[in-house]
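Enquirer: For the sequence shown, position 33 matches number 33 in UniProt numbering, and the numbering has no gaps at all.
Simulated from the structure, these hints should not be mistaken for lab results. Note that the coordinates shown come from a computational prediction; the quantities given were computed from them, not determined experimentally. Relax, there's no trap hidden among the hints.
In silico BS3-like pairs for lysine-lysine, Cα to Cα no more than 27 Å straight-line:
id: 1; residue 1: Lys25; residue 2: Lys53
id: 2; residue 1: Lys25; residue 2: Lys81
id: 3; residue 1: Lys28; residue 2: Lys81
id: 4; residue 1: Lys81; residue 2: Lys53
id: 5; residue 1: Lys28; residue 2: Lys53
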Amino acid sequence: GRTDSMRYRRHLGPHGLDALAEALKSNKSLTALHVGYKNLGPHGLDALAETLKSNTSLTALHVRWNDLGPYGLDALAEALKSNTSLTTLDVSCNNLGPHGLDALADRRH
Numbered sequence: 001g002r003t004d005s006m007r008y009r010r011h012l013g014p015h016g017l018d019a020l021a022e023a024l025k026s027n028k029s030l031t032a033l034h035v036g037y038k039n040l041g042p043h044g045l046d047a048l049a050e051t052l053k054s055n056t057s058l059t060a061l062h063v064r065w066n067d068l069g070p071y072g073l074d075a076l077a078e079a080l081k082s083n084t085s086l087t088t089l090d091v092s093c094n095n096l097g098p099h100g101l102d103a104l105a106d107r108r109h
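Let the sequences and hints guide you as you build the complete structure.
Expert: Here it is in structure tokens:
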């Protein structure tokens with residue numbers, strides 16, 4: 001069947017997100033991914049960011065409360081330069097600071 005949205009409720013961690021990112025490379029039906037509150041840390045989104053460079057089905061990504069810190073969005077911001085399908089991004093409560101916000105603001109340039 002078709003899966004539109006996925007909300008991961010259990011502990012995931014960076015390695016689990018790596019596996020999920022790999023699966024998303026071939027998934028064309030998932031439109032929303034919720035992986036908040038997973039304590040992924042500053043490099044937790046790296047693999048997912050790489051997948052987002054070519055994924056065209058995901059339109060919403062929720063990664064709030066993951067302790068990403070000011071440099072945790074660098075890879076994601078770079079991926080968003082080539083991803084045009086993602087329209088909703090929730091990165092709240094990640095202590096991004098000015099660097100993290102600047103990385104996102106500059107993503108389309």
